[in-house]
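Chains as they are written, first to last, in full-length UniProt numbering: chain A, 1 to 295; chain B, 1 to 295; chain C, 1 to 295; chain D, 1 to 295.
No lab work stands behind these hints, which were simulated from the structure alone. Even for Gly, the Cβ is constructed at its ideal location relative to N, Cα and C. Possibly wrong hints are sitting among the right ones.
[What the hints assert, rightly or not] Capping the alpha-carbon separation at 30 angstroms, the derived lysine-lysine pairs in DSSO-like fashion look like this:
{"hint": "1", "chain 1": "B", "residue 1": "K192", "chain 2": "A", "residue 2": "K172"}
{"hint": "2", "chain 1": "D", "residue 1": "K201", "chain 2": "A", "residue 2": "K22"}
{"hint": "3", "chain 1": "A", "residue 1": "K93", "chain 2": "A", "residue 2": "K192"}
{"hint": "4", "chain 1": "D", "residue 1": "K172", "chain 2": "C", "residue 2": "K172"}
{"hint": "5", "chain 1": "D", "residue 1": "K99", "chain 2": "A", "residue 2": "K99"}
{"hint": "6", "chain 1": "B", "residue 1": "K201", "chain 2": "A", "residue 2": "K172"}
{"hint": "7", "chain 1": "D", "residue 1": "K172", "chain 2": "A", "residue 2": "K22"}
[To be verified] FRET-style restraints, in silico, Cβ to Cβ:
{"hint": "8", "chain 1": "B", "residue 1": "T128", "chain 2": "C", "residue 2": "G23", "range": "55 to 61 angstroms"}
{"hint": "9", "chain 1": "C", "residue 1": "R289", "chain 2": "B", "residue 2": "P7", "range": "49 to 55 angstroms"}
{"hint": "10", "chain 1": "D", "residue 1": "S147", "chain 2": "C", "residue 2": "S94", "range": "56 to 62 angstroms"}
{"hint": "11", "chain 1": "B", "residue 1": "G9", "chain 2": "C", "residue 2": "R289", "range": "48 to 54 angstroms"}
{"hint": "12", "chain 1": "C", "residue 1": "R289", "chain 2": "B", "residue 2": "R290", "range": "26 to 32 angstroms"}
{"hint": "13", "chain 1": "C", "residue 1": "H91", "chain 2": "A", "residue 2": "H124", "range": "49 to 55 angstroms"}
{"hint": "14", "chain 1": "C", "residue 1": "Q114", "chain 2": "D", "residue 2": "L145", "range": "36 to 42 angstroms"}
{"hint": "15", "chain 1": "C", "residue 1": "T8", "chain 2": "B", "residue 2": "S288", "range": "41 to 47 angstroms"}
{"hint": "16", "chain 1": "B", "residue 1": "L145", "chain 2": "A", "residue 2": "E263", "range": "47 to 53 angstroms"}
{"hint": "17", "chain 1": "D", "residue 1": "H212", "chain 2": "C", "residue 2": "G171", "range": "51 to 57 angstroms"}
{"hint": "18", "chain 1": "C", "residue 1": "R97", "chain 2": "B", "residue 2": "K172", "range": "52 to 58 angstroms"}
Protein chains: 4
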Amino acid sequence: MPIQPLPTGLPIIAPRAADSHKGTYGRALLVGGSVGMPGSISLSGQACLKGGAGLVTLAVPDAIINTVANFEPSYMTWALPTDRSGHIPLHAKSRLREKLEASSCLAVGPGLGQSQGLFHLVGHLYETFTGPMIIDADGLNLLSLRSAPLAGRAGPRVITPHLGEFRRLVGKPHLSMEDARDMASELAGRQKITVVLKGPKTLVTDGQRHWHNPTGNPGLATGGTGDVLTGLITALLAQSLDAYEAAVLAVFLHGLAADLAIETTTQAGLTATDLLSFVEAAWRDYESRRDHLST
Amino acid sequence: MPIQPLPTGLPIIAPRAADSHKGTYGRALLVGGSVGMPGSISLSGQACLKGGAGLVTLAVPDAIINTVANFEPSYMTWALPTDRSGHIPLHAKSRLREKLEASSCLAVGPGLGQSQGLFHLVGHLYETFTGPMIIDADGLNLLSLRSAPLAGRAGPRVITPHLGEFRRLVGKPHLSMEDARDMASELAGRQKITVVLKGPKTLVTDGQRHWHNPTGNPGLATGGTGDVLTGLITALLAQSLDAYEAAVLAVFLHGLAADLAIETTTQAGLTATDLLSFVEAAWRDYESRRDHLST
Amino acid sequence: MPIQPLPTGLPIIAPRAADSHKGTYGRALLVGGSVGMPGSISLSGQACLKGGAGLVTLAVPDAIINTVANFEPSYMTWALPTDRSGHIPLHAKSRLREKLEASSCLAVGPGLGQSQGLFHLVGHLYETFTGPMIIDADGLNLLSLRSAPLAGRAGPRVITPHLGEFRRLVGKPHLSMEDARDMASELAGRQKITVVLKGPKTLVTDGQRHWHNPTGNPGLATGGTGDVLTGLITALLAQSLDAYEAAVLAVFLHGLAADLAIETTTQAGLTATDLLSFVEAAWRDYESRRDHLST
Amino acid sequence: MPIQPLPTGLPIIAPRAADSHKGTYGRALLVGGSVGMPGSISLSGQACLKGGAGLVTLAVPDAIINTVANFEPSYMTWALPTDRSGHIPLHAKSRLREKLEASSCLAVGPGLGQSQGLFHLVGHLYETFTGPMIIDADGLNLLSLRSAPLAGRAGPRVITPHLGEFRRLVGKPHLSMEDARDMASELAGRQKITVVLKGPKTLVTDGQRHWHNPTGNPGLATGGTGDVLTGLITALLAQSLDAYEAAVLAVFLHGLAADLAIETTTQAGLTATDLLSFVEAAWRDYESRRDHLST
Numbered sequence: 001m002p003i004q005p006l007p008t009g010l011p012i013i014a015p016r017a018a019d020s021h022k023g024t025y026g027r028a029l030l031v032g033g034s035v036g037m038p039g040s041i042s043l044s045g046q047a048c049l050k051g052g053a054g055l056v057t058l059a060v061p062d063a064i065i066n067t068v069a070n071f072e073p074s075y076m077t078w079a080l081p082t083d084r085s086g087h088i089p090l091h092a093k094s095r096l097r098e099k100l101e102a103s104s105c106l107a108v109g110p111g112l113g114q115s116q117g118l119f120h121l122v123g124h125l126y127e128t129f130t131g132p133m134i135i136d137a138d139g140l141n142l143l144s145l146r147s148a149p150l151a152g153r154a155g156p157r158v159i160t161p162h163l164g165e166f167r168r169l170v171g172k173p174h175l176s177m178e179d180a181r182d183m184a185s186e187l188a189g190r191q192k193i194t195v196v197l198k199g200p201k202t203l204v205t206d207g208q209r210h211w212h213n214p215t216g217n218p219g220l221a222t223g224g225t226g227d228v229l230t231g232l233i234t235a236l237l238a239q240s241l242d243a244y245e246a247a248v249l250a251v252f253l254h255g256l257a258a259d260l261a262i263e264t265t266t267q268a269g270l271t272a273t274d275l276l277s278f279v280e281a282a283w284r285d286y287e288s289r290r291d292h293l294s295t
Numbered sequence: 001m002p003i004q005p006l007p008t009g010l011p012i013i014a015p016r017a018a019d020s021h022k023g024t025y026g027r028a029l030l031v032g033g034s035v036g037m038p039g040s041i042s043l044s045g046q047a048c049l050k051g052g053a054g055l056v057t058l059a060v061p062d063a064i065i066n067t068v069a070n071f072e073p074s075y076m077t078w079a080l081p082t083d084r085s086g087h088i089p090l091h092a093k094s095r096l097r098e099k100l101e102a103s104s105c106l107a108v109g110p111g112l113g114q115s116q117g118l119f120h121l122v123g124h125l126y127e128t129f130t131g132p133m134i135i136d137a138d139g140l141n142l143l144s145l146r147s148a149p150l151a152g153r154a155g156p157r158v159i160t161p162h163l164g165e166f167r168r169l170v171g172k173p174h175l176s177m178e179d180a181r182d183m184a185s186e187l188a189g190r191q192k193i194t195v196v197l198k199g200p201k202t203l204v205t206d207g208q209r210h211w212h213n214p215t216g217n218p219g220l221a222t223g224g225t226g227d228v229l230t231g232l233i234t235a236l237l238a239q240s241l242d243a244y245e246a247a248v249l250a251v252f253l254h255g256l257a258a259d260l261a262i263e264t265t266t267q268a269g270l271t272a273t274d275l276l277s278f279v280e281a282a283w284r285d286y287e288s289r290r291d292h293l294s295t
Numbered sequence: 001m002p003i004q005p006l007p008t009g010l011p012i013i014a015p016r017a018a019d020s021h022k023g024t025y026g027r028a029l030l031v032g033g034s035v036g037m038p039g040s041i042s043l044s045g046q047a048c049l050k051g052g053a054g055l056v057t058l059a060v061p062d063a064i065i066n067t068v069a070n071f072e073p074s075y076m077t078w079a080l081p082t083d084r085s086g087h088i089p090l091h092a093k094s095r096l097r098e099k100l101e102a103s104s105c106l107a108v109g110p111g112l113g114q115s116q117g118l119f120h121l122v123g124h125l126y127e128t129f130t131g132p133m134i135i136d137a138d139g140l141n142l143l144s145l146r147s148a149p150l151a152g153r154a155g156p157r158v159i160t161p162h163l164g165e166f167r168r169l170v171g172k173p174h175l176s177m178e179d180a181r182d183m184a185s186e187l188a189g190r191q192k193i194t195v196v197l198k199g200p201k202t203l204v205t206d207g208q209r210h211w212h213n214p215t216g217n218p219g220l221a222t223g224g225t226g227d228v229l230t231g232l233i234t235a236l237l238a239q240s241l242d243a244y245e246a247a248v249l250a251v252f253l254h255g256l257a258a259d260l261a262i263e264t265t266t267q268a269g270l271t272a273t274d275l276l277s278f279v280e281a282a283w284r285d286y287e288s289r290r291d292h293l294s295t
Numbered sequence: 001m002p003i004q005p006l007p008t009g010l011p012i013i014a015p016r017a018a019d020s021h022k023g024t025y026g027r028a029l030l031v032g033g034s035v036g037m038p039g040s041i042s043l044s045g046q047a048c049l050k051g052g053a054g055l056v057t058l059a060v061p062d063a064i065i066n067t068v069a070n071f072e073p074s075y076m077t078w079a080l081p082t083d084r085s086g087h088i089p090l091h092a093k094s095r096l097r098e099k100l101e102a103s104s105c106l107a108v109g110p111g112l113g114q115s116q117g118l119f120h121l122v123g124h125l126y127e128t129f130t131g132p133m134i135i136d137a138d139g140l141n142l143l144s145l146r147s148a149p150l151a152g153r154a155g156p157r158v159i160t161p162h163l164g165e166f167r168r169l170v171g172k173p174h175l176s177m178e179d180a181r182d183m184a185s186e187l188a189g190r191q192k193i194t195v196v197l198k199g200p201k202t203l204v205t206d207g208q209r210h211w212h213n214p215t216g217n218p219g220l221a222t223g224g225t226g227d228v229l230t231g232l233i234t235a236l237l238a239q240s241l242d243a244y245e246a247a248v249l250a251v252f253l254h255g256l257a258a259d260l261a262i263e264t265t266t267q268a269g270l271t272a273t274d275l276l277s278f279v280e281a282a283w284r285d286y287e288s289r290r291d292h293l294s295t
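Make a model of the complete structure from these sequences and hints.
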């Protein structure tokens, strides 16, 4: 079978240089988790490792830190306080500061939950972290509650809403997918951010550029696959792709992993944990098509 | 080798629609677990994911929540109180209410243990949850203690007794398997519920319809395989099959997974964890026979 | 390649009957573990499942119960008290009694550690449990401290010393392996117990019968492989083999698993966890040679 | 394809003797871990098992002992106190003494963190443990803070700095890799220790002998791979190789595992956990080339 060329518009990452080291591939910080929800942030962290980040640290409430750590020994964890409702409190800010300074990119959201403190914390991070940042899941729901949800960013931003989350973000509860796509592009251009509108043929846009993702299948309709995507985008931000390109390549690899997965498993049986184990097959497929291209 | 057609009477699920999402495949809630018994409810939860449910939440005593969470990052957990005997207390009712309202189906029983509080809690759920509900293991043993065990259901119900549990349920300690089968059919018809009488050639019946399951083998005679079945039934209820059809298809896939498993492993060596890893092979076999049928 | 016949003297287990269930394959209870040592008893428990026991329960100090539970969801755990030194105290006796009555066999030792309380507890179990019982590792070291180490057994007993443990047991610190073999046979005959003297060509003897095991390799010289053997013997006791036959077949399968493992891995790289994953290959090899025999 | 001979200068380990046992392959003690960092010491411990050590014990702060234990049942753990900052305090010395006496080699560093107490503890171990010892990661950073970092060793020592760590060790923040290589050789000769200078073509030197490692690739540029190397060196020290030879063979196998890994995975997707699973393939490749050599 002839090798399928990679689709036009997909970022091409160069092979790793022989003298590169962990630092070359960035230090990713992911903030999330709450009591009862240690899995989401771990899925993101595992995906961030598999996406190629050099060093991955998960900042989580101390009540779940051992549980989060236990999923995977290759990432590090960073204990934040836990409030009475099992969430990260606002005063975790000072404890986070130290880590943020040493981080090349930031993800906020997986398993975070919602609280008054988190509303302020997420807004604070959005407005002060100067590196690239991705906001997903409850992080995004909390942003939506702000009077001007996406205003005040201090650096490059990626948001990854599905249709329901996008509706909340723009305050239009009955928006169709088609109208949402138009609005996502307009919003991205106005705010100078990257929007990943998840769904069939996921759209990635920064207002100027548009990516209609050709990979993926309904096997992804299961809990945790969004967390895996967040981790992959974070990994590519850590490796210095710009926000739009990181989102495009991550969305492509994520869908490709799902497509490769259902060649041996099935749509119904696919879990987020299974998906993780196919990320490397997706990388491999991407690399062989890239290398074929260049010869 | 020619492809074996699927047996007559087996429900045929349509392929997933391209625009489907997590919500399409339901929100399953599973209640169980007790101190020392975190494994059963986790097996059910993992099977529920592998069975194709969109979102899976396990409501467990807070004393074991981290342990349960640690088995699998793709499901969520929901902390209930733990009483002094290590069980879920009756007053967990109010904490459960919030989750029940957002759940499309409910499973109660795996690893639950028994207590006075649980006796009342299981009865309460049986009599008030209006969606489809499956009751297994200690959930079923607790129902059996009620003066009219199966009376007062508020929605569709599936029970999954093995012979010993069925004897306790009907108060006949010496019932033969043959008589139990007759009585199961009669009971299902009278109570308008679905009874899964587990054993060789497991019977599924709602009084009108009867399924004599052709799959499965004695390798299933090991701890935890019943929990896997409970999870699969829950997954299919979440995907909107009616109670009888969900039970039939789950019983079929569960036995098929065991049959496929012993082609590479053995009856003696099969564990419930191994069985889980063959659920996707069972799905795959089912789908290829379904698709062959339709061509 | 022609199929190698099974060696003469190896017990032949019949295929599982179609109408068998969990209860048919016994209820195994394994007592062990201490703070810092949750792995050993878990390895035994996992091996007991893979050895074919119907239901497996691990009774461990409550300080490590969640850790033990987390290794494998298919077994159950039973919380015993933990004393200040991290061990099971003597007064765990009453809590154990309830489980012992429902157990078809008992293993004591993996990860147990040593204390005054355990010295008395192990002696008590040895002298009162009327079913078959296996004593290994620290359980055996504690028995060795009694004035008459093996006196007073209340049922069938299997002990599994390596040379060092056997020397302690008989109070002869310089015994050669050859002399130990002679003495093991004499001891087994006198005490009417089964002795498994571990080493190259492990000896199993009840004084009348002798098994010189042909399987196994030096890859087994790594921590935890003895725990796996204990679990396999327990599984076969649970399935109603007599003590000598259970020990012979378990020793054979254990060594065979190691032999099959190093066909794909290596002696240096083999871990106890790897070994576990080859138990089913050993069963499969045994069954195919058994079935070939019978045709 | 013809079998590649092993490179000249690589230590050749003899096949395991038939009558060897766990004790033959040594008792390794690894000291590390801190709150939030349980993964590193576990990766080292798992690598130490896969490297062939007979018995592996991880001495860690009691606050994380269950988490560390849960990664792998085949090693043992040993609880040290935890100070308020989540680290091992200086007074852990007395608790360690007992284990040190029974250990054939020692590793210090993975996930250790830094504190005043640890500064003194690491120096104390360096100056008093008479067996072979490897110091890595924070262990090395703490040594660097001493006025004479490498003075006063009580036995054979291996250090494993990457360029940044080596710069701190010698107090030259702008040293080039080339100059570092020269200085590493000079330092090793003067201190009579073995230095592993990690990077492309990792250098191993004891001042007299020099190994320029031919294996490895930039897929190793991900968190945790250094911990795996530490575990492999420890395993070979436990098996009585001298410090230089242990380091050479471990560095070779570690790089080879990475090279074999990326034949099925990719550089970007490789994690430290993946690397671990290829250690046995590296052993296998080494052994087949060794055995081919000898015929």
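Against the structure, the hints come out as follows:
1. B:K192 to A:K172: Violated, at roughly 43 angstroms.
2. D:K201 to A:K22: Cα-Cα ~16 angstroms, so holds.
3. A:K93 to A:K192: Roughly 26 angstroms separates the two Cα atoms, so the pair holds.
4. D:K172 to C:K172: violated, 60 angstroms
5. D:K99 to A:K99: violated, 35 angstroms
6. B:K201 to A:K172: This hinted pair is violated, its Cα atoms lying about 53 angstroms apart.
7. D:K172 to A:K22: holds, 21 angstroms
8. B:T128 to C:G23: 55 to 61 angstroms: With Cβ atoms ~34 angstroms apart, the hint is violated.
9. C:R289 to B:P7: 49 to 55 angstroms: violated, 34 angstroms
10. D:S147 to C:S94: 56 to 62 angstroms: holds, 60 angstroms
11. B:G9 to C:R289: 48 to 54 angstroms: violated, 40 angstroms
12. C:R289 to B:R290: 26 to 32 angstroms: Check failed, 38 angstroms falls outside 26 to 32 angstroms.
13. C:H91 to A:H124: 49 to 55 angstroms: About 53 angstroms separates the Cβ atoms of H91 of chain C and H124 of chain A, which means 49 to 55 angstroms holds.
14. C:Q114 to D:L145: 36 to 42 angstroms: Hint holds: Cβ distance 40 angstroms, inside 36 to 42 angstroms.
15. C:T8 to B:S288: 41 to 47 angstroms: Given range 41 to 47 angstroms: holds, Cβ gap about 46 angstroms.
16. B:L145 to A:E263: 47 to 53 angstroms: holds, 49 angstroms
17. D:H212 to C:G171: 51 to 57 angstroms: Distance hint for H212 of chain D, G171 of chain C holds at roughly 55 angstroms.
18. C:R97 to B:K172: 52 to 58 angstroms: violated, 31 angstroms
Hints 1, 4, 5, 6, 8, 9, 11, 12, 18 from the earlier list are contradicted by this structure; the remaining hints agree with it.
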